[in-house]
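**Q** Protein sequences appear in the order of chains G, B and E.
Residue 344 in my numbering sits at position 250 of the first sequence, with consecutive numbering throughout.
Residue 148 in my numbering sits at position 89 of the second sequence, with consecutive numbering throughout.
Residue 134 in my numbering sits at position 93 of the third sequence, with consecutive numbering throughout.
Incorrect hints may have been included.
Chain E is faced by these chain G residues, among others (derived, beta-carbon under 8 Å) [unchecked claim]:
hint : residue
1    : Ala138
2    : Val149
3    : Asp367
4    : Pro377
Some chain E residues close to chain G (C-beta under 7 Å, calculated; not the full set) [what the hints assert, rightly or not]:
hint : residue
5    : Cys120
6    : Thr124
7    : Asn135
8    : Tyr246
9    : Ile249
10   : Leu286
11   : Ser290
12   : Ser364
13   : Arg373
14   : Tyr388
15   : Ser412
16   : Asp417
17   : Tyr420
18   : Thr522
Okay, derived cross-link-like pairs now, DSSO-like style, lysine-lysine, Cα gap no bigger than 27 Å in a straight line [as the list claims (entries may be wrong)]:
hint : chain 1 : residue 1 : chain 2 : residue 2
19   : G       : Lys178    : B       : Lys151
20   : B       : Lys151    : E       : Lys131
21   : G       : Lys353    : B       : Lys85
22   : E       : Lys66     : G       : Lys178
Derived from the structure by calculation, the hints contain no laboratory data.
Ideal Cβ placement from N, Cα and C applies to all residues, glycine included.
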Amino acid sequence: MFTWDKQWEVVIGLEVHTQLKTQSKIFSGSSIAYGAEPNTQASAVDIALPGVLPVMNLEAARLAVKFGLAIGANINKRNVFARKNYFYPDLPKGYQISQMELPIVGFGELEIDTENGVKTIGITRAHLEEDAGKSLHEDFQGQTGIDLNRAGTPLLEIVSEPDMRSPTEAVAYLRKLHSLVRYIEICDGNMQEGSFRCDANVSIRPRGQAEYGTRTELKNINSFRFVERAIEYEIERQIDILEDGGEIVQETRLYDADKHETRSMRSKEEAHDYRYFPDPDLPPMVLEDSFISEIKATLPELPSEKRARFEQKLGLSPADATVLTADRAVAEFFENTANTTKAENKVVANWMTGELFANLNKSELDITESPISSAQLATLLDRVCDKTLSGNTAKKVFSALWEQEGDVDDIIAAKGLKQITDTGEIESIVDEVISNCPDQVAQFKEGNEKVIGFLVGQVMQRSKGKANPQMANQMLQEKLK
Amino acid sequence: MALDNDTVRNIARLARLDVPDNQLEKYSGELSSILDLVAQMEAVDTEGVEPMTHPFDATLRMRADEVSEQNNRENFQAVAPNTENGLYLVPKVID
Amino acid sequence: MTITTLAELSANLRNGKVSSVELTKEYLDRIESSEHNAFISVTSDQALKSALAADKQRSSEDNSSALLGVPIAQKDIFCIEGTRTTCGSKILENFVAPYTATVVQNMHNSGIVTLGKTNMDEFAMGSSNETSYFGDVKNPWSSRQAGGSKGNLVPGGSSGGSAAAVSAGLTPAATGTDTGGSIRQPAAFCNLTGVKPSYGRCSRYGMIAFASSLDQAGPMTHTAEDAALLLNTMAGFDIKDSTSLDVPSEDFTRDLGASINDLTIGLPSEFFGDGLDNDVAVLIENAIKEYEKLGAKIKEISLPNSHLALPSYYVIAPAEASSNLSRFDGVRYGLRAEQYTDLVDMYTQTRTQGFGDEVKRRIMIGAYALSSGYYDAYYAQAQKLRRLISNDFTNAFKECDVIMGPTTPSPAFASGSRSDDPVSMYLNDIYTIPVNLAGLPAASIPAGFTQNGLPAGLHLITPYLSESKLLNIAHQYQLVTDWHRQSPLTTRGNA
Numbered sequence: 095m096f097t098w099d100k101q102w103e104v105v106i107g108l109e110v111h112t113q114l115k116t117q118s119k120i121f122s123g124s125s126i127a128y129g130a131e132p133n134t135q136a137s138a139v140d141i142a143l144p145g146v147l148p149v150m151n152l153e154a155a156r157l158a159v160k161f162g163l164a165i166g167a168n169i170n171k172r173n174v175f176a177r178k179n180y181f182y183p184d185l186p187k188g189y190q191i192s193q194m195e196l197p198i199v200g201f202g203e204l205e206i207d208t209e210n211g212v213k214t215i216g217i218t219r220a221h222l223e224e225d226a227g228k229s230l231h232e233d234f235q236g237q238t239g240i241d242l243n244r245a246g247t248p249l250l251e252i253v254s255e256p257d258m259r260s261p262t263e264a265v266a267y268l269r270k271l272h273s274l275v276r277y278i279e280i281c282d283g284n285m286q287e288g289s290f291r292c293d294a295n296v297s298i299r300p301r302g303q304a305e306y307g308t309r310t311e312l313k314n315i316n317s318f319r320f321v322e323r324a325i326e327y328e329i330e331r332q333i334d335i336l337e338d339g340g341e342i343v344q345e346t347r348l349y350d351a352d353k354h355e356t357r358s359m360r361s362k363e364e365a366h367d368y369r370y371f372p373d374p375d376l377p378p379m380v381l382e383d384s385f386i387s388e389i390k391a392t393l394p395e396l397p398s399e400k401r402a403r404f405e406q407k408l409g410l411s412p413a414d415a416t417v418l419t420a421d422r423a424v425a426e427f428f429e430n431t432a433n434t435t436k437a438e439n440k441v442v443a444n445w446m447t448g449e450l451f452a453n454l455n456k457s458e459l460d461i462t463e464s465p466i467s468s469a470q471l472a473t474l475l476d477r478v479c480d481k482t483l484s485g486n487t488a489k490k491v492f493s494a495l496w497e498q499e500g501d502v503d504d505i506i507a508a509k510g511l512k513q514i515t516d517t518g519e520i521e522s523i524v525d526e527v528i529s530n531c532p533d534q535v536a537q538f539k540e541g542n543e544k545v546i547g548f549l550v551g552q553v554m555q556r557s558k559g560k561a562n563p564q565m566a567n568q569m570l571q572e573k574l575k
Numbered sequence: 060m061a062l063d064n065d066t067v068r069n070i071a072r073l074a075r076l077d078v079p080d081n082q083l084e085k086y087s088g089e090l091s092s093i094l095d096l097v098a099q100m101e102a103v104d105t106e107g108v109e110p111m112t113h114p115f116d117a118t119l120r121m122r123a124d125e126v127s128e129q130n131n132r133e134n135f136q137a138v139a140p141n142t143e144n145g146l147y148l149v150p151k152v153i154d
Numbered sequence: 042m043t044i045t046t047l048a049e050l051s052a053n054l055r056n057g058k059v060s061s062v063e064l065t066k067e068y069l070d071r072i073e074s075s076e077h078n079a080f081i082s083v084t085s086d087q088a089l090k091s092a093l094a095a096d097k098q099r100s101s102e103d104n105s106s107a108l109l110g111v112p113i114a115q116k117d118i119f120c121i122e123g124t125r126t127t128c129g130s131k132i133l134e135n136f137v138a139p140y141t142a143t144v145v146q147n148m149h150n151s152g153i154v155t156l157g158k159t160n161m162d163e164f165a166m167g168s169s170n171e172t173s174y175f176g177d178v179k180n181p182w183s184s185r186q187a188g189g190s191k192g193n194l195v196p197g198g199s200s201g202g203s204a205a206a207v208s209a210g211l212t213p214a215a216t217g218t219d220t221g222g223s224i225r226q227p228a229a230f231c232n233l234t235g236v237k238p239s240y241g242r243c244s245r246y247g248m249i250a251f252a253s254s255l256d257q258a259g260p261m262t263h264t265a266e267d268a269a270l271l272l273n274t275m276a277g278f279d280i281k282d283s284t285s286l287d288v289p290s291e292d293f294t295r296d297l298g299a300s301i302n303d304l305t306i307g308l309p310s311e312f313f314g315d316g317l318d319n320d321v322a323v324l325i326e327n328a329i330k331e332y333e334k335l336g337a338k339i340k341e342i343s344l345p346n347s348h349l350a351l352p353s354y355y356v357i358a359p360a361e362a363s364s365n366l367s368r369f370d371g372v373r374y375g376l377r378a379e380q381y382t383d384l385v386d387m388y389t390q391t392r393t394q395g396f397g398d399e400v401k402r403r404i405m406i407g408a409y410a411l412s413s414g415y416y417d418a419y420y421a422q423a424q425k426l427r428r429l430i431s432n433d434f435t436n437a438f439k440e441c442d443v444i445m446g447p448t449t450p451s452p453a454f455a456s457g458s459r460s461d462d463p464v465s466m467y468l469n470d471i472y473t474i475p476v477n478l479a480g481l482p483a484a485s486i487p488a489g490f491t492q493n494g495l496p497a498g499l500h501l502i503t504p505y506l507s508e509s510k511l512l513n514i515a516h517q518y519q520l521v522t523d524w525h526r527q528s529p530l531t532t533r534g535n536a
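Construct the complete structure from the given sequences, taking the supplied hints into account.
**A** If you want it as structure tokens, here you go:
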């Protein structure tokens with residue numbers, strides 16, 4: 095526990111830039127595919143040739159509305175694009191087309207889980223804007239290289255209220271948001287490629303004080319781990335300053351993950367005056383009710399709804415329900431399996447959170463890349479239900495499935511893993527064991543009932559694990575009575 | 060309304076223009092005379108008037124989400140002051 | 042006959058009296074030997090190639106478009122692929138556009154031949170063509186001044202090169218753009234018909250932006266009929282311009298011949314007040330009388346907020362311009378200063394060297410009007426006044442079909458006479474600016490000559506999207522007058 099919990103209250107608000115999952119840019123017909131050769135996806139509009147004009151991508155508006163509906167927000171049926179004016183080499187027009195006074199998405203909410211239960215985080219707004227290009231700082235004769243492929247990629251900037259009170263809450267919010275945007279398929283959530291980026295506004299104040307302290311804005315915190323660490327570092331830094339009698343300077347700070355520190359961004363120090371005004375090239379966007387209701391109809395079951403259903407209707411534990419609904423593909427895998435197999439939901443959940451996740455983690459694979467399909471897992475669990483497999487042999491089959499050695503029944507046949515349930519066959523092995531282990535048989539008859547475990551083990555060993563252990567146990571008990 | 064030299068310097072900086080000290084007076088005089096012309100606006104009561112951002116009250120037309128642009132880098136960079144490996148080069152950007 | 046119209050050239054081409062190549066060569070020769078500095082670039086090779094193609098097309102097609110093979114000039118504000126496009130600025134001195142503006146493409150698709158790019162005020166900011174980096178343009182009427190003055194007159198601006206070129210017979214017609222009067226004012230100064238269409242009629246794609254919510258391209262011709270013919274090829278919906286109007290295309294010549302005997306002309310008292318030159322006032326009164334003879338009725342009307350147009354415009358236009366011109370930063374195209382210390386200095390040196398004084402002034406006024414703490418007082422207030430000005434027109438058109446007045450308060454003035462006083466220069470556009478704020482169609486047509494022998498323009502304003510009516514009203518006047526047929530070349534006898 096950090097000391098700040100006692101004297102200081104932490105106030106955190108997050109600004110998240112999500113790249114919308116469109117084919118083309120927000121105001122031009124260029125592709126937004128990641129990783130192309132520099133400036134090969136930069137059209138006349140993207141490089142801001144004289145005379146070019148922006149034309150809005152309908153899909154970007156659709157995805158923004160989808161997000162708004164998912165957080166129960168007010169959709170501004172009349173929203174306006176504005177120009178944010180500043181000079182920067184990765185900003186070809188010298189202004190960014192964004193939204194200022196009338197964003198497409200108004201106030202909404204997101205619930206997060208904390209140690210003290212569910213907490214509601216306010217989302218002030220979400221607005222559409224275009225991404226900037228990239229500055230590459232490798233040495234080009236001491237100069238910076240500019241790649242404008244990313245310029246014009248559609249972004250939804252999601253601005254939270256300053257409602258979070260710890261780095262843990264900030265991360266919980268971020269994870270929740272990350273899960274949501276992927277769930278409703280508006281963003282691929284790829285943080286390495288910058289599809290989901292986070293800036294944090296951090297301030298502290300003495301506990302009990304009503305006014306907010308001076309905040310700093312942390313940039314470049316693009317993984318969940320960095321968010322937590324950067325905010326932790328920044329809180330400690332602010333506490334040190336205030337406890338030394340200093341003052342916090344309102345500024346933008348860059349998080350350096352290698353050095354684990356934040357530092358002031360010199361280039362942003364100069365006071366900005368963005369001179370926002372409505373973009374005269376783009377009349378106000380007016381959304382019809384029918385447009386919004388059509389989007390509403392396409393909205394999938396939201397994570398919170400799904401989690402409640404998994405708990406209440408499918409009888410899963412809160413922990414399993416949380417894990418299995420955090421990702422839409424995981425939830426789909428679970429439901430596909432559970433709907434196909436005779437096994438209980440709880441059993442499916444155990445296999446997924448246990449065996450499957452362990453293997454996925456080890457191989458650094460996503461559920462969508464799993465070598466075992468939901469249908470295969472369902473068949474595997476069916477074979478446990480019909481007693482073809484024991485728990486142990488089922489794990490063997492799982493490993494073989496993982497190595498893609500074939501389908502469940504083929505593997506069982508090939509490896510001869512079919513459980514022996516034939517009474518006669520088991521009886522002959524049991525008889526063998528009784529005659530080969532006179533000492534243990536004697537101990538059992540003297541009243542040492544624990545020794546039955548050893549005898550069952552012997553039966554299993556001789557049957558190469560295929561005997562049904564319950565049947566073996568029962569038969570031994572009867573014969574030694 | 061008269062603009063002082065500091066204000067002129069500040070707007071020039073915002074607009075990435077250089078106004079040398081010996082031209083400050085000239086610029087502040089000219090800009091002030093334009094602002095005097097504009098000052099007539101102040102007296103007008105516009106309470107309740109909806110600002111008109113477009114000459115007709117049009118609404119935004121949107122296009123289908125299709126990739127319609129091909130790589131045209133060579134053509135575009137033919138007119139660029141300085142490029143290398145397909146990148147536009149600028150003096151070092153310091154974050 | 043002292044002028045040559047598009048309609049006549051179209052007929053001559055159609056009946057084989059002349060070929061497009063012959064015509065094009067003729068005009069290229071005239072441009073070559075002219076001393077008006079009306080062109081920034083002459084695109085002879087491309088023009089002859091297009092003319093040849095047009096002649097071939099004519100021989101193989103029966104129903105070719107009306108202006109197939111007709112040469113015209115383009116204001117150097119329109120990007121044309123492979124052609125230097127400067128916008129009158131040093132910052133684009135060597136900019137060869139990698140794409141073509143929609144209006145130019147439309148014209149080329151109709152078989153029009155582009156002779157070259159005409160001179161203009163830098164980034165269309167000016168009313169005299171004196172802010173051009175490529176030098177002043179001489180008004181061809183300079184030589185016609187009475188009283189012995191031999192000094193050069195300005196052609197008006199910002200489409201001054203286009204006006205001078207048409208007036209001097211260097212091209213039968215030209216394109217212009219009009220943000221606050223930049224087609225109509227030079228048309229008035231050079232005795233031409235200039236039409237600013239409704240905002241949204243002509244695509245702005247590829248037209249270098251000055252003030253996006255005001256800019257509109259239009260034709261500059263000798264006659265209203267020519268203007269209709271040229272506008273037919275320029276106008277049309279363009280998906281690439283979000284402010285382009287998605288309305289069915291129309292033939293703007295269709296109503297030219299209609300009678301105007303039931304026309305009601307509104308005369309706003311505000312357009313005939315202080316500051317209007319007496320000679321010009323008399324010429325406008327005479328023109329109105331001519332309309333009365335044609336059966337039109339006169340109605341006194343009022344545009345009570347029109348005095349607020351100039352202040353509103355000089356906030357809105359510079360504000361939009363300050364942002365539009367930010368892209369000229371020396372990174373991707375255009376001038377880059379040769380020496381600089383760092384990135385910010387590169388921007389600053391490039392822009393300081395690349396832009397002229399008037400452009401700098403407007404960028405700075407615009408930046409100021411949008412800056413923190415001033416937005417409401419300037420930009421927001423200007424946009425509210427714009428609404429009031431627009432409402433004035435809406436109300437006026439309940440009482441009349443067309444509003445008339447002088448295009449400019451005075452005829453062409455002497456070069457250098459106003460360039461030191463920006464505000465006196467701005468007053469030139471006092472009658473034209475309200476129209477841009479409201480987005481209406483309007484025209485300036487020749488209305489006679491002052492005692493000094495200089496042309497004056499009659500300003501016609503009609504309701505939104507009523508260009509056909511506007512051209513009809515202009516054409517009917519031109520059927521009974523011959524002011525538009527006067528040429529400054531008459532005395533030299535070399536029409």
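**Q** When the structure is checked against the list of hints, which entries are broken? Sort them ascending.
**A** The structure breaks hints 6, 7, 10, 11, 16, 18, 21 and 22; every other hint is satisfied.
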